[in-house]
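Colleague: Below, each chain spelled out in residue letters.
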Amino acid sequence: MLQVNSLKKNYGALQAVDGVTFCASDGETIGLLGPNGAGKTTTVSIIAGLLSPTSGEVLINGRPLSGDTDPVKRKIGLVPQDLALYDEMSALDNLSFFGALYDLSGAPLTRAIAEALDLVGLADRAKDKVGTFSGGMKRRLNLAAALLHDPQILLLDEPTVGVDPQSRNAIFDNLEVLKSRGKTLIYTTHYMEEAERLCDRLVIIDHGKVIADDTLPNLYQLLPVTNVLAIELADPPDAPLLLGLKALPQVEAAESQGRVLKIGIRHLSEDTPAILQWLVMEGHPYTHLANERASLETVFLNLTGRSLRDS
Amino acid sequence: MITPLVALVRRDLRLFFSDQRSVLMSFLAPIVIASFFGYVFGGSGGKTETSKIPVLIVDQDGSDISRQIASGLTADKNLEVKVVSSESAKELVRKGKATVAILLPKEFGANAAKALFTSDGKPEIDFFYDPSHRMEMGMAQGILTGQVMQTVSKEMFGGATGQKMASDALARVEQSQGLDKASKSTISDLLRSVEKFNNENAKAKVDGKPVSSGGFTTPYQVREEAVTSGTSVEYNGYAHSFGGMGIQFILFMGIDVGIGVLLQRQRGLWKRLRAAPISKTLLLSARVISAAIIALVILTVIFTFARIVFGVRIEGSMLGFVGICLAFSLMTATFGLLIAALGKTPEAARGLSVFVTLLLVMLGGAWVPAFIFPQWLQTVTKFVPTRWAMDGLDAMTWRGLGVDAALGPIAVLLGFALLFGAVAVHQFRWEAEG
Chain A
157 MLQVNSLKKN YGALQAVDGV TFCASDGETI GLLGPNGAGK TTTVSIIAGL LSPTSGEVLI
217 NGRPLSGDTD PVKRKIGLVP QDLALYDEMS ALDNLSFFGA LYDLSGAPLT RAIAEALDLV
277 GLADRAKDKV GTFSGGMKRR LNLAAALLHD PQILLLDEPT VGVDPQSRNA IFDNLEVLKS
337 RGKTLIYTTH YMEEAERLCD RLVIIDHGKV IADDTLPNLY QLLPVTNVLA IELADPPDAP
397 LLLGLKALPQ VEAAESQGRV LKIGIRHLSE DTPAILQWLV MEGHPYTHLA NERASLETVF
457 LNLTGRSLRD S
Chain Z
-11 MITPLVALVR RDLRLFFSDQ RSVLMSFLAP IVIASFFGYV FGGSGGKTET SKIPVLIVDQ
49 DGSDISRQIA SGLTADKNLE VKVVSSESAK ELVRKGKATV AILLPKEFGA NAAKALFTSD
109 GKPEIDFFYD PSHRMEMGMA QGILTGQVMQ TVSKEMFGGA TGQKMASDAL ARVEQSQGLD
169 KASKSTISDL LRSVEKFNNE NAKAKVDGKP VSSGGFTTPY QVREEAVTSG TSVEYNGYAH
229 SFGGMGIQFI LFMGIDVGIG VLLQRQRGLW KRLRAAPISK TLLLSARVIS AAIIALVILT
289 VIFTFARIVF GVRIEGSMLG FVGICLAFSL MTATFGLLIA ALGKTPEAAR GLSVFVTLLL
349 VMLGGAWVPA FIFPQWLQTV TKFVPTRWAM DGLDAMTWRG LGVDAALGPI AVLLGFALLF
409 GAVAVHQFRW EAEG
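Residue numbers (our numbering), protein chains in the order written: chain A, 157 to 467; chain Z, -11 to 422.
What the hints contain is simulated information worked out from the structure, not anything from laboratory work.
Please read all numbers here as calculations on a predicted model, not as lab measurements.
Hints may be right or wrong, so weigh each one.
As a list, the in silico EDC-like pairs of lysine to aspartate or glutamate whose alpha-carbon atoms are at most 16 Å apart [claimed, not checked]: (1) Z:LYS268 to A:ASP226; (2) Z:LYS152 to Z:ASP52; (3) Z:LYS268 to A:GLU184; (4) A:LYS285 to A:ASP243; (5) A:LYS365 to A:ASP226; (6) A:LYS285 to Z:ASP7; (7) Z:LYS70 to Z:ASP47.
From just these sequences and the hints, can you work out the full model?
Modeller: Quick look at the structure:
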């Protein structure tokens, strides 16, 4: 179990991390979500022992890291945001080297390398120089290098930056396998869709502070609406229609954009039939219906008043 | 902890030897440049022909004396003499075709003889020289002085015009206003003796008797002996040049060690290394060990080449030679760490460290021997580690000194290694940037 308690990290006057607290149980996937510069990488670096916190502590199974050679470090695997690999060496040589840093040698090292390459689907390229790999393959090898010593906690710092959708999916598949093996994943990203797909719980960080820490459904509950129905009518809606709609108990908000009605609701399956029926009964048949689901983007916007991608 | 240490050292060696540019720069470049410098600065056994000073002579006098002077200069092994007209002499010097042009004026021979005993009416020799060859000009002037003294005095003492020269000189001394009565009397007696000597020689010549040769000559003879490791061992210029270039390119390798650490930071590899359960000491030690091994390999390869191709031998203590190589290798490794500790980015660190390295190499006497430096600069270079490495390698190679001569350089180099290492550890940014 990983516990992060009131972490602070100052660089002079700049407060990069300001009281970050969260915990992760075995087998749980935590998404550290926030815009660039929010303090995600600094938090991960402190957890990995790369940076000393100004204050606060990181506990792994109830024990803090004590020194560079603390065996507790073996419980952590770090996948840095940069492609931390030697282009001049083969994939096999890279993994041999990184495994040896954890005192692995001989048969256990060979086995660990084979398993890691197998997982990321690079076994057939083991002897090729990393410099000849595509960006996506390097990302997968970057992940494999952190798995050799079989860590319980994996720190993944934006592990899909700059890869094509196919490679991103491959990495997601790898992570889902690791999750199924009971590994704890700490996943930093500023891509909402990644967090939504992978994470059990989300810790949203902004300006070094945790502004939300909850499951995805609970975070959606913070929003005034969870779905927006877009209903296209045969004729443009008039003011009495909008007033009537807003009076319905299922409707949280309603506005018109040309011939399209935008109606905010909380429960899609329960609220939609009643609204559609009311429209037909009032003489406003619809020609097209679509649902826009609220996203983490909306959650971030709701929490900070700023769009995540513009931050 | 052995497994990570071996892995770190192996990684460095693998990366170094897989980089063709590094290998080329570290092995081929010092060999090529040292071969060139070694040839230029004396070659093997002093067999390399040294270049002669190109000298022009304008003989406006055309006397026996001026012709003898020209022929004496031509015979000198250090000069390459051409007789030219006065019009072309200056132009040829200006164009760099000759270092010096010597103009012997009309009546030079007669006037030089007359001025031998008085300071009045000395003839002037015009000396046109290339200002970029000031040292050679001084050398040519010295050779000319000796030649003129020898030729003029020889003509005075028994030459074809010797009797007339002596009579003219006697008349000039007696008329001289610059000499006091006593001096006049003494010099006149001397010149009368010369007249008498010349008359006796002329009579002896007529009678077919042996004639005494006269004139001043250099009152000594030089017996040259290059002091090397033994009487039968000749100086090998390649020993110094290979030592010097070895030092230079090993220091360049040291720069790459430091830049390598900075690149690791930039590429995120440093994070991975620091995340592993290994100590700072182990991380740095591995760098020092791998750099020292590479430095030793470079020294071994280039000195083996020098041995096979140019016959460079370790004439002194092999133990001392190995000790100096080891100490210098360690110093280079810590020098690399210092660059890594003080450098902010690879780009910024490279420029500055190349400049510092070139300074170290230059002041250490790896390019040109330190003895040509001004005295104050020679004193300063005692605080430069490369000077000690250079002196140590010279001592163990061509000077053929014992292990005791290596102890000083080894101690100083290890001292610098400790100093660089301590500063590097103190200044090292251990934290990986967030």
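Colleague: Next pair to validate is LYS365 of chain A with ASP226 of chain A; report whether the Cα-Cα distance is within 16 Å.
Modeller: The hint is violated at about 28 Å.
Colleague: Keeping to a limit of 16 Å between CA atoms, is the pair of LYS285 of chain A and ASP243 of chain A held or broken?
Modeller: holds (6 Å)
Colleague: Has the given pair, LYS268 of chain Z with GLU184 of chain A, been kept, meaning a C-alpha gap of at most 16 Å?
Modeller: Outside the cut-off at roughly 32 Å; violated.
Colleague: Is the straight-line distance between the alpha-carbon of LYS70 of chain Z and that of ASP47 of chain Z 16 Å or less?
Modeller: holds (11 Å)
Colleague: Sort out whether ASP7 of chain Z lies within 16 Å of LYS285 of chain A, counting only the CA atoms.
Modeller: Holds: LYS285 of chain A and ASP7 of chain Z sit about 13 Å apart, inside 16 Å.
Colleague: Starting from LYS152 of chain Z, check that the Cα of ASP52 of chain Z is at most 16 Å away, please.
Modeller: holds (14 Å)
Colleague: Regarding the pair LYS268 of chain Z and ASP226 of chain A, is the alpha-carbon distance no greater than 16 Å?
Modeller: Holds, because 13 Å separates the two Cα atoms, which is no more than 16 Å.
The earlier numbered hints that this structure contradicts are 3, 5.
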